[in-house]
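Please arrange chain Y on chain H, whose structure you already have, making use of the hints.
Next come the chains, spelled out residue by residue.
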Amino acid sequence: QDGLKLCLSEFKQQLAWVERLDVTLGQVVDPVSQSASGKDAVDPENDFQREMSFYRQAQAAVLEALPRLRKLQIPTRRPDDYFAEMAKSDQQMQKIRQKLKSKQEAMERSERAKQLRAMRKYGKKVQTEILQKRQKEKKNMLNAVKKYQKGLSDKLDFLDEEQTSSQGNKKGSANQRIKKGPNAKRRYKNQKFGFGGKKKGSKWNTKESFNDVSSFRPKVAHNKGPGKAGKGGKKALNKRPGKRARQKMKNRGR
Amino acid sequence: GKWKNKERVLIFSSRGINFRTRHLMQDLRTLMPHSKADTKMDRKDQLFVINEVCEMKNCNKCIFFEAKKKQDLYMWLSNTPQGPSAKFLVQNVHTLAELKMTGNCLRGSRPLLSFDPIFDKEPHYALLKELFIQIFSTPQYHPKSQPFVDHVFTFTVTDERIWFRNYQIIEEDASLVEIGPRFVLNLIKIFQGSFGGATLYENPHYRSPNMHRRLIRLSVAAKFREKQQVKEVQKIKKKGSKALIREDPTEVVFETPAEEQPVEIQLVKPESKPIVKDKKKPRKIQRKKQKKLFRTEA
Chain H
1 QDGLKLCLSE FKQQLAWVER LDVTLGQVVD PVSQSASGKD AVDPENDFQR
51 EMSFYRQAQA AVLEALPRLR KLQIPTRRPD DYFAEMAKSD QQMQKIRQKL
101 KSKQEAMERS ERAKQLRAMR KYGKKVQTEI LQKRQKEKKN MLNAVKKYQK
151 GLSDKLDFLD EEQTSSQGNK KGSANQRIKK GPNAKRRYKN QKFGFGGKKK
201 GSKWNTKESF NDVSSFRPKV AHNKGPGKAG KGGKKALNKR PGKRARQKMK
251 NRGR
Chain Y
1 GKWKNKERVL IFSSRGINFR TRHLMQDLRT LMPHSKADTK MDRKDQLFVI
51 NEVCEMKNCN KCIFFEAKKK QDLYMWLSNT PQGPSAKFLV QNVHTLAELK
101 MTGNCLRGSR PLLSFDPIFD KEPHYALLKE LFIQIFSTPQ YHPKSQPFVD
151 HVFTFTVTDE RIWFRNYQII EEDASLVEIG PRFVLNLIKI FQGSFGGATL
201 YENPHYRSPN MHRRLIRLSV AAKFREKQQV KEVQKIKKKG SKALIREDPT
251 EVVFETPAEE QPVEIQLVKP ESKPIVKDKK KPRKIQRKKQ KKLFRTEA
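Listed in order, the protein sequences are those of chains H and Y. Residue numbers for the first sequence follow full-length UniProt numbering, so the first one is 1 and each next one is one higher. Residue numbers for the second sequence follow full-length UniProt numbering, so the first one is 1 and each next one is one higher.
It is possible that part of the hints are untrue.
Straight-line alpha carbon distances no greater than 16 Å define the calculated EDC-like cross-link-like pairs of lysine to aspartate or glutamate that follow [claimed, not checked]: (1) H:95 with Y:98; (2) H:71 with Y:172; (3) H:5 with Y:202.
Please keep in mind that the hints were generated in silico from the structure rather than gathered at the bench.
Extracted from the complex, chain Y is given alone in its bound form:
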């Protein structure tokens, strides 16, 4: 047959990606025969430069990976000339090379795309669904494609995120084995234009990774500060403010002076008491010391 649906996807990344992202990119390139690769883009170029790159390569879709701080990975999916684009935060990346993914498929075989029913309910999800379909489905009769359909991509919405899985179809009764890769997309924004333009949708549940890390740090700090405060309160309690009692004038009334006793001068030394060794004396001394330490500590 003739290859009519001319979709080409440009898959490339910015500088500063780590090995996992690089492998993920390579995996996507092997799974999608209608993709093209490009060199890494420099950070200082603006994003709309990507549109020009795509045009040069004669591609009408783009997957662009952007890594920030060597920690966070962002993915742009875009329809390059004028269409919408979406930015995602990528998490939980597992590549094809992991030994737990035991399935395998033909290189370039066409995938079946499976979507969650939630994708039909919300307009932004519907837009995303259309974007996914156009990007990920291999056109029929593409020269590099194989005519068989032997694997299925699943997109599921759980916990406000989009989960991607790739399964190999073994039997006609739908027994599946995972091929990989897998990743989780957290939608940030949908723009009207390609890599720019008006914001069509902003995900209210999205929290930037910086914010996330900051919150964690704050909570830890808050815990620590709470402990300190409790300690201080305890210190103040222990010291205790002594309440001053006002002088009572009626108290003096009952005081009677003692009788005057004759002054007795002792000329003889009094008998000395028998010295009884205090067995508990060293223990008493130790206890006193401990009490002193305890008081000074607090």
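Here chain H stands alone, though its shape is the one from the complex:
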């Protein structure tokens, strides 16, 4: 060890820094990396980490050296019109550029292919959705038409049923449907002739039908309710005078 130190002291040249341009520094303190102080933490097997540590060391050196160089008025930036021979020939640089370009193109191509695939998938999904929607609409339309045919809803709303409150329409027609059902005329005929000739041999003025007062309208009978269309005429007509009064009228008229 002492021999080493002796040798070193003999060997060392006392040159100005400008001649040697050496910098001994640690790395740039990187807030991102976890080990700024402990360089022993750099695993030599981990290639990326190792190379990054070299890079950072070089950066630190550069950052320290450039101001010193500028002070000593040594140029560091090459002016644009300064043409000189480079360490690597132009041919070599062309090759490098080609390689980089081809790599980039390959990446772009794969990206485009992926996007196309994704888009096709999405398009297919959208298409199936649209078809289903159309079928649903068709079904609904047909149902509405059938209902109109059957007489449940006499509104022709389904013809121009675009967007406006299909919900509201549905509600109104449902109410009406409950009330009306089949036509009144139809209902009477169903009752009379329904179940195929039931009424023929059946009794007419039975006890039940006599006791059935469901068709009795008290307002109509006592002439109490409000008139439907006209006032006096209908009322008068409703109240028919008795036999004696009628004969009297007849005799008086004669």
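Just chain Y now, kept in the frame of chain H:
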């Protein structure tokens, strides 16, 4: 300005180097304008001949590449007249021509040298640092040099080895791109004289490539031998030594001879049993055969 620092480095090699080493040498010659080339040296000459060659070429430093067995590359860095010299094993060589090194620099521009702080801690590293500085830095106002400083050499100590990288300085904010070449130096010895002399330092962590290969071979052989041994032990276990039990005299006590039965001579053939075909017979035969094979195998 005037060129004062008269450093000249002689870069050459021995015979038997492969293409990568040759390219590395050429790369170093392009990067260092203060270098001189020479023809390949013959193997039979002794190393101190190199000192004379250097003197003839008027060089005071030398980088000498030596290839052995067409596999291992050794590099000597030396200060030729009387100074120290160091021998390294070179590994992981990548040249300038590799397409992944995208940077470029002026031919002959002066480099910035960046060292690890470890170089200041140990005396042998300090000596090496001085050697590197004197060899690799281009003297100012050298006729072949360019006045700009646009690339930086880094020397880092990791894993007991010295890693060399060359980066191009693109921006003033220290964004760098690698130019190459790159190599890893494994220090073997430092000598007091040039290509000889007393050994000042010997690297305890260094393992010669021969030793390394030998160890690998030994470990593989050891694995194989272990497997064989295990097999043999298993064989012995299977055969198993039958323990001999000593004869017990008290056993005979309870033996009673059987009653004598009259000798019956059968004159009529006995009824033959109905022949029931053994469905499992072929399978039984096969199993027996397999058992036999298994036993003979082991």
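Notebook entry, point to check: Looking at the structure, which of the earlier hints fail to hold?
Noted result: none
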